[in-house]
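Build out the structure end to end from the sequences listed, making use of the hints.
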Amino acid sequence: MNYYIKNATIVNEGETFNAHLFIKDDIIAKIVREGDRFEPENAQIIDARGKYLIPGVIDEHVHFREPGMTAKADIYSESRAAVAGGVTTYMEMPNTIPQTTTQALLQEKFDLAAEKSLANYSFYIGATNDNLDEIVKTDPEKVCGVKLFMGSSTGNMLVDQDSVLETLFKESPCLIAAHCEDEEIIKRNTLRYKELAERHEIIPDAVIHPLVRTEEACYRSTEKAVKLAQKTGARLHVMHISTRAELLLFDPTIPLKSKKITAETCPHYLLFDDRDYAHFGFAIKCNPAIKSAHDKLALWRGVKDGYIDTIGSDHAPHLREEKFTDSYFTAKSGFPSIQYNLPLMADNFKRNQLKMTELVQLMCHNPAILYQIDRRGFIREGYFADLAIVDTNANRLISNEEALYKCKWTPYDGTAVRTVVTHTFVNGNLVYENGSFHEESRGQRLTFTRTPCQNPPVCP
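FYI, in my numbering the residues of the sequence shown are 50 to 509.
Keep in mind that the hints were calculated from the coordinates and are not lab data.
Listed below are the simulated SDA-like cross-link pairs for lysine to any residue, each with C-alpha atoms no more than 25 Å apart in a straight line:
1) K73 x Q93
2) K280 x A294
3) K457 x E371
4) K55 x Y432
With beta-carbon atoms standing in for the labels, derived distance ranges:
5) L346 x N449: 26 to 36 Å
6) V256 x T302: 33 to 43 Å
7) D375 x G484: 30 to 40 Å
8) G282 x K191: 14 to 24 Å
9) H487 x V256: 43 to 53 Å
10) T406 x K219: 35 to 45 Å
11) P147 x F87: 43 to 53 Å
12) T496 x D375: 41 to 51 Å
13) T216 x G84: 52 to 62 Å
14) H328 x T496: 39 to 49 Å
15) E64 x L240: 47 to 57 Å
16) E88 x F329: 46 to 56 Å
17) F378 x E64: 48 to 58 Å
18) V256 x A443: 31 to 41 Å
From the three backbone atoms N, C-alpha and C, an ideal C-beta is built for every residue, glycine too.
Spelled out as structure tokens, the structure:
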């Protein structure tokens with residue numbers, strides 16, 4: 050079906066302007082600005098008066114738990130939550146069961162997504178200490194990147210051998226997305242706090258999380274990754290930056306199309322700080338840990354000043370019984386968020402004197418540029434019609450009852466938002482409309498307009 054979106058306030062490439070937009074099949078066929086003459090053929094009309102029309106969000110950092118952990122989440126359930134939140138494209142992590150560390154296992158995930166995913170998709174292949182032969186087979190035009198855990202997290206895939214790390218950075222055929230925390234520091238701190246808990250000198254609750262997974266652990270590991278990338282010329286994207294110290298390792302003066310070392314943060318590092326553990330407890334326990342109010346403020350400055358290049362969700366569902374245990378040492382790290390990140394960020398960008406154009410840059414344009422995604426992430430004629438209509442004058446209360454995650458809870462339960470997603474288009478298909486889903490179509494596998502990372506990037 051063709052669609053004609055009328056009277057929209059389009060936010061795209063630094064501009065905000067009123068226009069109509071014609072979708073034909075899966076493509077943005079025409080942007081109709083004021084004064085243009087255009088009559089759509091056989092199109093369903095959607096009136097977006099008073100609302101923003103933005104490119105669909107590209108979330109480069111999700112954990113959908115399939116295969117192997119489908120009691121928590123699966124590709125269908127979480128992609129459904131994604132499109133309800135204006136996310137039209139995601140890139141999913143390899144710490145599933147089995148871990149996605151071979152080309153055969155990677156293809157199995159792509160096959161699952163082709164059957165189940167409502168949003169567009171790609172999957173990372175995971176690095177280990179002994180699978181370089183599989184990494185080098187990765188096709189950079191068909192796979193989003195290599196995920197490297199330099200600190201252990203859910204589903205341990207730690208790469209901790211220096212010789213392996215250097216070889217990986219030299220030989221990876223595509224972008225390396227890194228989780229950076231120093232494992233020895235974390236092990237030492239964990240042992241210390243376990244001993245204190247056993248002696249009843251502390252209560253092992255969520256408050257100790259940033260004391261175990263510290264700023265030092267983050268900085269040392271990120272510094273190591275950045276130095277390796279500088280030495281080898283690898284394309285490095287450091288994920289979920291959580292400290293002000295790490296920001297200084299990145300250069301905001303280089304245009305994104307020319308950067309080879311980039312940084313992501315997540316909404317929870319911009320919305321919470323260590324004072325919030327007392328109220329939210331294990332609900333906001335995640336790796337890396339949410340740090341201090343000073344770190345949160347510095348991250349907002351990093352967003353404004355160009356140190357941060359993208360905002361990804363790190364959507365990571367767990368069952369309630371895994372999260373809300375009686376001890377810090379057993380409560381799982383990570384929480385679901387993909388459905389509400391766009392509304393929360395839109396509200397909080399405004400509160401922090403940032404514009405909607407800047408939000409779109411970080412959550413839509415920059416991931417497309419950084420990963421060199423073919424014809425997505427922008428509202429351009431000839432590009433795939435991945436779009437979201439957003440109402441920033443609504444009032445809604447986030448609730449566990451409305452959460453579409455399979456685990457059926459969110460740390461944002463009870464939070465009031467003024468921004469809601471009313472419509473989401475994926476490849477020209479209206480998949481979400483005012484709380485209802487149209488599930489006749491499936492998302493597409495991403496392709497990338499890349500040369501190998503050792504060469505200058507070619508960006509859309």
